Structures are given as C-alpha cells and as structure tokens.
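With chain A's structure known, arrange chain B on it following the hints.
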Amino acid sequence: AQKITQTQPGMFVQEKEAVTLDCTYDTSDPSYGLFWYKQPSSGEMIFLIYQGSYDQQNATEGRYSLNFQKARKSANLVISASQLGDSAMYFCAMRLPVEYGNKLVFGAGTILRVKS
Amino acid sequence: DTEVTQTPKHLVMGMTNKKSLKCEQHMGHRAMYWYKQKAKKPPELMFVYSYEKLSINESVPSRFSPECPNSSLLNLHLHALQPEDSALYLCASSQTLAGGYIQYFGAGTRLSVL
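In the order they appear, the protein sequences are chains A and B. So for the first sequence, the numbering used here puts the first residue at 1; every next one is plus one. So for the second sequence, the numbering used here puts the first residue at 1; every next one is plus one.
Okay, chain A solo, but in the shape it has when bound (with noise of 0.2 Å):
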C-alpha cells in the first residue's frame, strides 16, 4: 500500500539558517511523483517542489531543495536560509498512478515555526 511517513509534528529553526523536514515513501510501483507543499494558517495549498521516482538529480527551487535517496524511499525538503515568512504546515504528498486519478496521497505534516 501506498504510504507517506512525516515523523516531525513540529519544528524550530532560527532565522537565516538551514532546515530538514523528513518524508518516508511506501510503494511497490516503479513509477511515481513525490511532492512537497506548504500551507500558511490561510489554507492554500502553495506547491513547492517535485522529483519524479526516474529523475537522476535531486530537485532544487530556489531556496527549496528535495534530497531523494532511492534506497531509502526518504524524500526530505531542505530549507536555505529559513525566512518567517517560512512558518506553515508542510506537507510531502506521493502521486498514485493514473488509474488511481492521479491521487495524492499525504503525509500528516510538519509544523515548521522560524524564529527571530
């Protein structure tokens, strides 16, 4: 079965520094999407970053990067220079295949707090 693992329910970082948010995937399909999405105490969903399972380098957003290990099925988000405006859930989410509709499946997120 298809599965996201967040372990972190909530973080501290302090301004300006670096921060690793952990995602674990579960999946017997050689074809999948991972994602990573913030979402402010408004409610959007704000997409982020993506890898797909076949992509060779790790994807990088700016100051958003995924570090993707394979063997491990981790899948975590990286944070440069952390901002406050950073503070918000996030949320790691594996799309299913098409036959599913094209499914996102989540995590139950991380709280992420930036402190001055």
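The set of hints was computed from the structure by calculation and includes no laboratory data. Since the model is a prediction, treat every value here as computed from it, not as a measurement. Mixed in with the good hints there might be a few duds.
[Unchecked claim] Far from chain B by the CB rule (all over 10 Å, computed), these chain A residues:
(1) Gln2
(2) Asp26
(3) Tyr64
(4) Phe68
(5) Asn76
(6) Ala88
(7) Asn102
(8) Lys103
[To be verified] Taking lysine-lysine and the DSSO-like style, the derived pairs with C-alpha atoms no more than 27 Å apart in a straight line are:
(9) B:Lys40 <-> B:Lys53
(10) B:Lys40 <-> A:Lys3
(11) A:Lys3 <-> B:Lys9
(12) B:Lys19 <-> B:Lys41
(13) B:Lys41 <-> B:Lys9
(14) A:Lys115 <-> B:Lys41
(15) B:Lys18 <-> A:Lys3
(16) B:Lys38 <-> B:Lys18
(17) B:Lys19 <-> A:Lys3
(18) B:Lys18 <-> B:Lys36
(19) B:Lys22 <-> B:Lys9
(20) B:Lys40 <-> A:Lys115
(21) B:Lys53 <-> B:Lys18
(22) B:Lys53 <-> B:Lys19
(23) B:Lys38 <-> B:Lys9
(24) B:Lys18 <-> A:Lys73
(25) B:Lys19 <-> A:Lys73
Glycine included, every Cβ here is placed at the ideal spot set by N, Cα and C.
Only chain B this time, still in chain A's reference frame:
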C-alpha cells in the same frame, strides 16, 4: 499564472440548507479535484474530473454532488450536510491525469455546518 480561484472563502450553513462551492481555473487544465481537509489533518481526495467527466468518486456521501459544467469550472453542491462535514474544502487542477503534472490548489472554502 498558476491560480485556482475558490468562492466563497467562508460559508456557514444549516443542516437543511442547499449551497454550492465554486472553483475556477484558466490555465487550460483538464483535470480538476475536490479535497476535504479537517483541522490539523492532511487533505483527503473526494472527487476527480478528467475532461469534464467524473473519473473518481472516493465513496463520498450523496449529500455532496460535484459538477463540472465546462473545462474551467468545478462546482460542489451541498445539501443536508452534517456538522461533521465542517472542514476546509480545497479545489485543485492539473494539466491532465498523466503523471508528472503538478496539482495546483486554491485557497479553499472554510465550511461550517450548524
């Protein structure tokens, strides 16, 4: 532009009311989704539309009725809801159902059922 617009932002309704949630995107996406999110929980998929046809219904109670009148618009009709249906309802869209396409979400409608 990756904007998905949801209206209203907030909705309070009684258990006997009929209301509708609206979702609109102008990115040319042909797949649209409804998710339900309870407080402090991850979103859960409710419905998937592909090319204006219902593709997936995740065993959602019939008091929730989706509609996709055209490729840009997705509605969720609500009738005889229960207090436990109070949640954040998120709409999303993607290019198609094919793998690799990003699902972009709207800001959601916060629904309270009294």
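Quick rundown of the hints versus the structure:
Non-interface status of A:Gln2 relative to chain B is upheld: no Cβ of that chain comes within 10 Å, the nearest being about 13 Å off. With a minimum CB-CB distance of about 16 Å to chain B, A:Asp26 clears the 10 Å threshold, and the non-interface call stands. Listed as outside the interface, A:Tyr64 is consistent with that label: its C-beta sits roughly 14 Å from the nearest C-beta of chain B, beyond the 10 Å cut-off. Listed as a non-interface residue, A:Phe68 keeps its Cβ farther than 10 Å from every Cβ of chain B; the least gap is roughly 15 Å.
With 10 Å as the threshold on Cβ separation, the claim that A:Asn76 sits away from chain B holds: the shortest Cβ distance comes to roughly 18 Å. The Cβ of A:Ala88 sits about 13 Å from the closest Cβ of chain B, beyond the 10 Å cut-off, so the non-interface label holds. For A:Asn102, the shortest C-beta to C-beta distance to chain B comes to about 4 Å, within the 10 Å cut-off, and the non-interface label is violated. With 10 Å as the threshold on Cβ separation, the claim that A:Lys103 sits away from chain B is violated: the shortest Cβ distance comes to roughly 5 Å.
Distance hint between B:Lys40 and B:Lys53 is unfulfilled; the C-alpha atoms sit about 31 Å from each other, more than 27 Å. Between the alpha carbons of B:Lys40 and A:Lys3 the distance comes to roughly 18 Å, so the proposed pair stays at or under 27 Å and holds. Proposed proximity of A:Lys3 and B:Lys9 is contradicted: the alpha carbons are some 31 Å apart, above 27 Å. Only pairs whose Cα atoms come within 27 Å are accepted, and B:Lys19 paired with B:Lys41 is accepted, the gap being roughly 24 Å.
Simply put, B:Lys41 and B:Lys9 have alpha-carbon atoms about 19 Å apart, close enough for the 27 Å limit, and the pair holds. Between A:Lys115 and B:Lys41, the direct Cα distance comes to roughly 24 Å. Compliance with the 27 Å bound is thereby established for this hinted pair. About 36 Å separates the Cα atoms of B:Lys18 and A:Lys3, which puts this hinted pair outside 27 Å; it is violated. Of the pairs offered as hints, the one joining B:Lys38 and B:Lys18 holds, with about 21 Å between alpha carbons and a cut-off of 27 Å not exceeded.
As the CA atoms of B:Lys19 and A:Lys3 are separated by approximately 34 Å, the hinted pair breaks the 27 Å bound. Straight-line distance between C-alpha atoms of B:Lys18 and B:Lys36 comes to about 18 Å, which keeps the hinted pair within the 27 Å bound. Taken as a hint, the B:Lys22 and B:Lys9 pair is honoured in the structure, with Cα atoms around 10 Å apart against an allowance of 27 Å. Note on B:Lys40 and A:Lys115: the hinted pairing holds, with a Cα-Cα distance of about 21 Å set against a maximum of 27 Å.
Using a Cα cut-off of 27 Å, the hinted pair B:Lys53 and B:Lys18 holds, with the two alpha carbons roughly 23 Å apart. Of the supplied pair hints, the one linking B:Lys53 and B:Lys19 holds, its CA atoms being roughly 22 Å apart against a limit of 27 Å. Among the hinted pairs, B:Lys38 with B:Lys9 is consistent with the structure: their alpha-carbon atoms are about 16 Å apart, no more than 27 Å. The hinted pair formed by B:Lys18 and A:Lys73 fails the criterion: a straight-line CA distance of about 45 Å is larger than 27 Å.
Taking the CA atoms of B:Lys19 and A:Lys73, the gap is near 43 Å; set against the 27 Å cutoff, the hint is violated.
Going down the numbered hints, you'll see the structure goes against 7, 8, 9, 11, 15, 17, 24 and 25, while the others check out.
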